Structures are given as C-alpha cells and as structure tokens.
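Undergrad: As they're listed, the protein sequences go chains L and W. If you're matching positions, the first sequence starts at 0 in numbering that gives the first Met the number 0 and goes up one per residue. If you're matching positions, the second sequence starts at 0 in numbering that gives the first Met the number 0 and goes up one per residue.
If you're looking for bench data, these hints aren't it; they were derived computationally from the structure.
Identical copies go unnamed one by one, so any copy, or any two together, can satisfy a pair.
Straight-line distance between alpha carbons at most 30 angstroms, and here's what the computed BS3-like set of lysine-lysine pairs gives:
hint, residue 1, residue 2
1, Lys342, Lys281
2, Lys37, Lys172
3, Lys172, Lys76
4, Lys99, Lys37
5, Lys99, Lys22
6, Lys99, Lys281
7, Lys37, Lys22
8, Lys76, Lys383
Since we're looking at a predicted model, the values are computed, not measured.
There are 2 protein chains.
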Amino acid sequence: MHEPQSALDFARQHRGAALEDLKEFLRIPSISTLPEHKPDLVRASNWVADQLRQLGLEPVEVLPTAGHPVVYGEWLKSGDSAPTVLVYGHYDVQPVDPLKLWESPPFEPAIRGEDIFARGASDMKGQIVAQLKAAEALVRTSGLPVNLKFMIEGEEEIGSPNLGAFIEQQRTKLACDFCLNLDAGVLGPDVPSLTLALRGLAYFEVRIQGPAGDLHSGTFGGAVENPANVLARLIAGMHDAAGRVALPGFYDHVRPMTERDRADLAQLPQAEAWWMEQSATKALGGEAGFTATERATSRPTLDVNGMLSGFTGAGSKTVLPAKAMAKISTRLVPDQRPEQVHKSLIEYMRRSAPPTVDWEVEILAGAIPGIIDRDAPEVQTAAKALEGAWGKPAVYKREGGTVPVVGMIQELLGVNSLLLGFGLPDDNLHAPNEKFHLPNFYRGIETLIRFLAALPA
Amino acid sequence: MHEPQSALDFARQHRGAALEDLKEFLRIPSISTLPEHKPDLVRASNWVADQLRQLGLEPVEVLPTAGHPVVYGEWLKSGDSAPTVLVYGHYDVQPVDPLKLWESPPFEPAIRGEDIFARGASDMKGQIVAQLKAAEALVRTSGLPVNLKFMIEGEEEIGSPNLGAFIEQQRTKLACDFCLNLDAGVLGPDVPSLTLALRGLAYFEVRIQGPAGDLHSGTFGGAVENPANVLARLIAGMHDAAGRVALPGFYDHVRPMTERDRADLAQLPQAEAWWMEQSATKALGGEAGFTATERATSRPTLDVNGMLSGFTGAGSKTVLPAKAMAKISTRLVPDQRPEQVHKSLIEYMRRSAPPTVDWEVEILAGAIPGIIDRDAPEVQTAAKALEGAWGKPAVYKREGGTVPVVGMIQELLGVNSLLLGFGLPDDNLHAPNEKFHLPNFYRGIETLIRFLAALPA
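Can you build the whole structure from these sequences, using the hints too?
TA: Here it is in structure tokens:
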C-alpha cells in the first residue's frame, strides 16, 4: 500500500487551521429539537456548504426538507472506474440542559488539556471537520483518487424524521458503492477500532391522565388514584426481576448472539471495571446472564429518558397531580423493528394500565438496528488505515447507540454503511461537558487520508 | 339562645364593604414557598394587622420568625369571666402553577356566577375576612362578649416550620380556652358541617443518584442501571396489590375505625358518585375494603406529589439520567406521627433500593393528625350557630387535609382546636382556578357572629 505522504504532511502542517475551523463550526448552537434554534440550523448548513465549495465540490446544494435542510455536494472527477463513497454526517446537536453543569459555555469551545469542550464536539462536528480536512489534504497534494458525495443532515438528534423521504427522492443522485458514516467512535485514545453493529431505537412518550385537574392531596388522597403512582407502577412493570424487558413479545425477533459474537466481545478491553469508570457509576446493573459489554451493545434495553409529574420546584406542595409523563426509549438489536416494539408497548399498556386513568403513547423516534460484514473490502481498508494512523491493529466492536440513517441507507439505497469515527466513550455525548479528544481529531484526519487513498476500485 | 340581631343586620348591610376588603387581600400574591414573594408576605401581614387595628384590638404586632412573620392582636375587654378564644389563620397561599390553566389571573379576583376566583380565596383569605367582619359587626353593635386573640401566620402552606417555636416562645401571651381554627370547610353549599378530625402529614423528597453525570442511553443503556427506572420501581413498591401502603410498620400506630366512626361517615352525603364528581375523575381508586369517604378522611395514604428526571422538554433526547427525584407525602391518622413514618420510609429504602444507586430522603414537612370530642361545649355552640345561619342541622365530618397548627396547639398550649370554616370541596384548593362561594362567605360571617355571641362563659 502506497503511503499518501504528501497529504499526511499537508494535514500535519495545517492542524492549526483545522482546529480554528472546528471552533467556528462549534460556535453555532444547532440544536435540532428546539424550534427557537431554527436559524442556527440554517447557519450550520450554510457553513458546511461553504466548506464543500472551498474544497472544489460542484454542485453544492442546501436542499430543503419538511424539517431542517440537508447539505449535498459531489466530487465526481475520479471517473467511473474509481469507487464512489457517500459521506454521511449531521450538523445538528443535542440540547444542553442542565446548563449549570457545564464548566464552560456549551457553544464557546474551550480547550482544557488535550480536549476541546463544546456541545457537538464529538457528536459529530469534530468528525465532519476531520473528513473535510482529509479530503482537503488529498485535493491540495496528490489528488483525491475516489469519487465523493456528501450528505450532511440536520435532524439526526431528533431521529432523522425527514431523511428517509429525502433519500427516496434523491435516490439517483445518492447512488454509491457504500456509505462512509463518521458518526462513530473508538474504544480508547490508544485503541483503534471499527464498528460492526449499531442498535436501533424506538422512543416513546407515555402520558397518564387521572382527574381533570390537579387536586389537593389531603382532600382527595386515598379516594382518587394518583397518576404519578400509576405511572411509576407501569414503568416498574416494564422489567422483570431478572432485568429483562417485560413488554409482551419484546424478544420475539431478537437474533440470539452466537458463541463467536460473545467471544469477540470478550476480547475487547471493556471489562466491568471499564464500564464503571466510563459511566462514573459505583455499580453496574441490567439484564442477568450477560456481560456489561453484551448488555450495552448486543442486547435490547428499555430506559426512562425523562419523567415529569406534579410539583417539582423547591419546597413542598400538597398536590395530587392530574397527569404524569415519561419519555421511554428502547434500544433494538437485529432483527427487532421499532413498529414491533410499539405494538408490544401498546399491548402492555392495554393489559397493565388501571381503569382509573386514561393513557396515550406517542412515537417520538424510531430506527432499525444496523450490521455490516467484517470481511467487506471497505471494512478491511478502514482497518488498515486505522492501523497506519495508530501504529497498532484495529479491533472490531459493536456500538450500543443508534444511527437511524444506517438502516435507511440499507433499505433505500441498498448499500452498507462503514462506521468509522473517532469519538471516545467518555466524551459526554448528549450530556454536559461534551468534549472531543484533539489527538483523535488529528489521527482521525490521517486515518481518513489513508482510507480514501487506499480504497480498491 | 339570644339572637344577636343588631350584629347580623350590620353584617348584612355591609356585605359590599366586606367583599371589597376580601378582594384587596386577594390581590397580594403571598406565596410562601417562593423566595421571590417575600415582600408580598410582608404586605399581607401588614394588611391583616391594619384590619385588626381598625377593629380596636390593642396591641397589634407583626412578630418576626425565622421565616415569614406572625400577626398577633388581642381584645381582652370582656374580662376574666368571659371565654378567651385564640383565632388561628394563615395569610399565605399556595403557588399558582400551572398558570396557563387559570381562566383569570390568580391574583386579580374575578367574580363569575356566585363565586370569587383567586388564589387563596378559599384557602384561606376568605375565612379570615369572614372572621374580621363577624368581630366588626359585634364590636360596632351589641359588643363583643368574649376575649379574642388573633394569631395569623404566613407559613401554613409550607408546613408551618417556624410556628412551633413561635408558640413555645409566646405561650403566656397565647393562653386561651380553645382555638378557633377557620381553615376548614363545609360539605356543600347547603350542608352545614363541622370537622371533628384532620389527617396529619409527613412530606419527603426522595432523591436517587446513579452515574455521576447524565449518560448517552445508547452507549450505556443496559450496562448501567437507570435511576429513573429505579425510582419508579421504588415508588411502585410503596403500595401492595390491595392499595395498602407497604412501608414497614406504616400501620403500627393507626387507631382502627370504630363501627360508630364508620356509621357516621356513611351518613354523610358523600357517596362514590360525589367523590367522582368533586374530583372530576372517571373512576376512583385506593385501599381495598374502605369507602372513598373513609379512604380520603380516616385512612392513611401515600401520594407522589411531584416527580422529575432527565429530559422533559419537547421532542426526544436519548439520555440516561444521572438522577431522579420524587416528592412523596403521606397523610396520617391518629395515632401516627410523622417521625415514625420517616423511620418507615428510611427502612423501606434500606431494604429496597438497589446497590447500584445512592439515595437520600429529605423531610420537607410534618404534622400530627388532629381530633376533637364532639361533646365539647365549643363544638355544640358551633353546631347551633351553623344551624342558625343555614336553617338546618349541621352534620359532623372528618377532613382528609392537614392543619399542622392543630397538632402544635394541642401539644404546646394544651387546648383543642375547633375547626369551623366555609370552604367547599370543589373550591380547587392548591390547584388552578381556586374559588370561594360568596353565599358561604356571607353565611360564614353570620355563623361566626352567632358563635361568638353565644359561647358559654
């Protein structure tokens, strides 16, 4: 394999400029779930489009959807014999609450030690800028030997509700050999790794209504069933004593792990102590009979993401709340599908909710799980690129998180997604003090240069 | 019994002025639990003190406590042979959230039909103004034949945390034959009634902490136990399948209801349909083996008053929350005590909380239950006064709510509290659109005139 030395040299000489561009991107508070940030989503999409234009892509378009726009750009100068890679990313970020737990403002990037702190640093503006800089290094030196198409969306953090329709409409434009999805990570600063599988997602809001309005808990407590107590009972019943999800039929479509799957996961440097340290938890928990790595990456789960009822301010208010709400999400593994889990949840509520309350279940997001063959050529090329940048062999892992577009691309474009990203497990994704490890940012650029330079035709 | 006709006539002629004074009092947003309303508590206490001065009480003092001040005033001109009545009330009110459910602003009193709508109208500014106007009518006509002491506090809605210390310090000043406590109600506009018992209160905040910070539910879901799920399980376990409170030892000190107690309650016009209508609930719930009236007034209960964890805004956020909180209160009956319930809750948490989380329980409020002998002379005088004002005999009831001062006065001053108030069960206490029924306001004034005029020496 030829070393793309001139491109690697270029990238090393321009690290300062790469970092400045990353900071600029991070300053845009592109929180997709909050309507008041809509103008920031537009700014972020234009920022990405400008970068692609500066790289020489043609055309570059900011295409509208029913929600936030998708940035599309293409570089097809390498001809029909070269592979065509569809680069996927998202320019939107998670909300920042609780804001008071941030050590520096989430949209004012701050470098402490070897990390850059900002919302979106790891998930995933840092990964997008790494890819832009890798392409730039090749374009400015030895040349880009592959065709690239960029599809950078603005709704990943809300479950990509409009991306499916977009891909369907743009099927011809998006045709490619495979998708390079940068929304992924490695196991540690010194553990180059490739992701073979992702979990899917089915996210719901469950709402319980008892009396028409809030009541005095002294006057009515005891006579009227309390919706918050009912909700707690319903949530408690969603797991059995062994930590298994107790929704009817929940496991019906779960592909059992093979002995080889379990052996692979056992080889990763992710013992129980690693999970405790990464999560800053004093003791792990979950489904009986599986290791923490298995539970977090290869077994389906059910988690409360939010819960609200009654009076939650300082002090005491003796209210019997009229209603209670929980955001509840499940992570799915092959071959579960979100719509099947929705049916399971509805069936559970029908069986378990008492006649003293009304209830409703709203679907907030859904995505099928993703999986890729480790023997595919793009997987092997990526493994060698990681080894080149890190100086040690890559390991194969699975991720517990969800990238909805992986399933969509599988279903709509008929191609696999290669998950190649540089985030770390302790990057505080979706939490206060999100960070990106700068050595990973620079090694990520080098990995992507090596990968793009070496892809077989 | 001599009819205090001149005082009754005076009161009828001055209803307009009484209503204007009530409106003025209701415009002061004296929410005791919110620190930003501290100046309004001062305004409300001064408003009460001014009213007492205008009545001719001497001295009238606004006495500081560690929290909001207590208004004290005395009229001892009837001499040692006349009974001395300590009038208790509170000038503070509950918070108003959710504000958007109010049909008119909570601190701009609005009359619709025969009701006046405002926070505090029924609980209990309306009752205080009724007593002021009853005393005024006697003072301005036939004379006040009893000695009166007023003790109007500003912290009832937060559990009267400083009133116990106040009463201990002012024991001599507060000496009396009994306490007239106006913080009560009647069963319906046409059902004059007297309250023989109140439930006590033990109010807690339970906090669960799992990981040090919020985590990504995809990355860590399954490996790390979810504090919100744990809290739901703990709350669910606080009741058994029969709706009984499952905290260890919770019922140890509960005085069983007698057959006569149950027969008395069965005679009240409070069938299941009444409870459903009053609470605007489609079906009642609670402890098996008891009627709704028994459950709401004479059996102890446990209710979630508030619950909060994770992301509760619009849309979805895939967070595994670091912590979860519930405000949980129990209503107590004789001879339960808040400190015993606290021990039960701590013991329950010790037995039931998993080792994967840390937990703490904070005591937010506590009050012993209250009970009075129906054959006491003040009870019988009040029953006759109600009959005089309503033209029909009064019934005896129990209330599910808590008036902490009743227990304090029993313990610290050694006297009973007579609960004589004019609120209605559907007055929306502690909820949006609190109201007071104006016919009850006027009949309340007349009842209190008759009561004060007829008290035996």
